[in-house]
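Colleague: Number 199 marks the last residue of the sequence shown (the UniProt record's numbering); no jumps.
Quick caveat, the hints were computed from the structure, so don't treat them as lab data. On a predicted model such as this, the values are computed, not experimentally measured, just so you know. Ideal Cβ positions, reconstructed from N, Cα and C, are used throughout, including at glycine. You may find that some hints are simply not true.
What the hints assert, rightly or not - Label pairs and their in silico Cβ distance ranges:
1) Asn112 x Ala90: 17 to 23 Å
2) Pro167 x Leu143: 41 to 47 Å
3) Leu143 x Asp74: 34 to 40 Å
4) Glu73 x Leu153: 48 to 54 Å
5) Ser83 x Asn120: 18 to 24 Å
6) Asn127 x Val157: 54 to 60 Å
7) Arg53 x Lys86: 22 to 28 Å
8) Val157 x Ala90: 41 to 47 Å
9) Trp160 x Arg53: 29 to 35 Å
10) Gly147 x Pro50: 21 to 27 Å
11) Asp108 x Lys86: 19 to 25 Å
Stated by the list, open to error - Below, in silico cross-link-like pairs of lysine-lysine (DSS-like), each with a Cα-Cα straight-line distance of 25 Å or less:
12) Lys59 x Lys142
13) Lys86 x Lys39
14) Lys94 x Lys39
15) Lys68 x Lys39
16) Lys142 x Lys52
17) Lys86 x Lys59
18) Lys39 x Lys52
19) Lys94 x Lys142
20) Lys10 x Lys86
21) Lys94 x Lys68
22) Lys59 x Lys39
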Amino acid sequence: MTTAREAEHKYVVVGIIHRNRTTPLETLRYVTRDAGLFKQIYIATLIVRPPKRQWLSLKHITGFGIYKCHPTEDYHTTIDYDSATKRALAELFKDYQSRFWTFEDHGDRWMNWIHAEFNNSDADPRNGTYSLQLVLGWSVPKLIFWGTAPVVLSLVVGLWYMLTPQPGADYVAVVQTAWTIASYIVTSAASAVTQLADT
Numbered sequence: 001m002t003t004a005r006e007a008e009h010k011y012v013v014v015g016i017i018h019r020n021r022t023t024p025l026e027t028l029r030y031v032t033r034d035a036g037l038f039k040q041i042y043i044a045t046l047i048v049r050p051p052k053r054q055w056l057s058l059k060h061i062t063g064f065g066i067y068k069c070h071p072t073e074d075y076h077t078t079i080d081y082d083s084a085t086k087r088a089l090a091e092l093f094k095d096y097q098s099r100f101w102t103f104e105d106h107g108d109r110w111m112n113w114i115h116a117e118f119n120n121s122d123a124d125p126r127n128g129t130y131s132l133q134l135v136l137g138w139s140v141p142k143l144i145f146w147g148t149a150p151v152v153l154s155l156v157v158g159l160w161y162m163l164t165p166q167p168g169a170d171y172v173a174v175v176q177t178a179w180t181i182a183s184y185i186v187t188s189a190a191s192a193v194t195q196l197a198d199t
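From just these sequences and the hints, can you work out the full model?
Modeller: As structure tokens, then:
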């Protein structure tokens with residue numbers, strides 16, 4: 001239930017939609033004078049995408065989108081929105097990124113827009129219509145790192161095992177074992193990368 005204190009503040013619902021989930025991961029954040037919109041969006045990203053997941057994931061946040069909430073029926077739907085809304089969301093994301101470290105909001109402009117367009121100008125979340133979606137895209141640096149690191153590691157381990165055989169060991173068997181280990185590292189890493197691709 002919304003408290004009297006919370007009813008005095010505007011709010012934003014921030015969520016993320018995963019392919020393997022039927023419902024979004026989302027959180028509701030109240031925007032106050034001391035905790036502005038951009039700060040609350042940042043906190044929301046840490047809730048729906050904890051730092052450990054962000055670090056391991058091959059994706060990062062590339063923009064904002066919108067999905068529709070149906071509070072009384074307890075379900076959500078994706079929507080299509082016009083080019084003007086897409087431009088507004090792109091500008092909002094740009095402003096958010098440019099003030100990422102300071103959390104300086106662009107006046108009340110964006111909060112007023114969200115309050116009117118997303119929340120129907122109502123402070124009660126039960127009457128809200130839309131949520132701010134975190135849109136994920138591939139991170140090139142992470143793809144390079146997670147793509148090359150296992151290969152380099154497998155080569156290092158394989159060469160080390162091959163160049164430091166036990167006295168009297170069959171060299172052919174050592175080489176075969178070395179590259180079997182290397183192949184296992186690459187295969188395991190590929191499986192892990194597949195899992196990381198959906199986060």
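Colleague: Confirm or reject each hint.
Modeller: Each hint tested on the structure:
1. Asn112 x Ala90: 17 to 23 Å: 18 Å Cβ-Cβ, so the 17 to 23 Å window holds.
2. Pro167 x Leu143: 41 to 47 Å: holds (43 Å)
3. Leu143 x Asp74: 34 to 40 Å: holds (37 Å)
4. Glu73 x Leu153: 48 to 54 Å: holds (49 Å)
5. Ser83 x Asn120: 18 to 24 Å: holds (23 Å)
6. Asn127 x Val157: 54 to 60 Å: Hint holds: Cβ distance 59 Å, inside 54 to 60 Å.
7. Arg53 x Lys86: 22 to 28 Å: 27 Å Cβ-Cβ, so the 22 to 28 Å window holds.
8. Val157 x Ala90: 41 to 47 Å: holds (45 Å)
9. Trp160 x Arg53: 29 to 35 Å: holds (32 Å)
10. Gly147 x Pro50: 21 to 27 Å: Holds: the Cβ-Cβ distance is about 24 Å, inside 21 to 27 Å.
11. Asp108 x Lys86: 19 to 25 Å: holds (22 Å)
12. Lys59 x Lys142: Holds, at about 8 Å.
13. Lys86 x Lys39: Since the Cα atoms of Lys86 and Lys39 sit roughly 22 Å apart, the hinted pair holds (cutoff 25 Å).
14. Lys94 x Lys39: holds (14 Å)
15. Lys68 x Lys39: holds (23 Å)
16. Lys142 x Lys52: Holds. Lys142 to Lys52 sits at ~14 Å (cutoff 25 Å).
17. Lys86 x Lys59: With Cα atoms ~21 Å apart, Lys86 and Lys59 stay inside 25 Å; holds.
18. Lys39 x Lys52: holds (20 Å)
19. Lys94 x Lys142: Distance ~22 Å between Lys94 and Lys142 Cα, so the pair holds.
20. Lys10 x Lys86: holds (23 Å)
21. Lys94 x Lys68: holds (23 Å)
22. Lys59 x Lys39: Measuring from Cα to Cα gives roughly 21 Å; hence the hint holds.
Violated hints are absent here; each numbered hint is respected by the structure.
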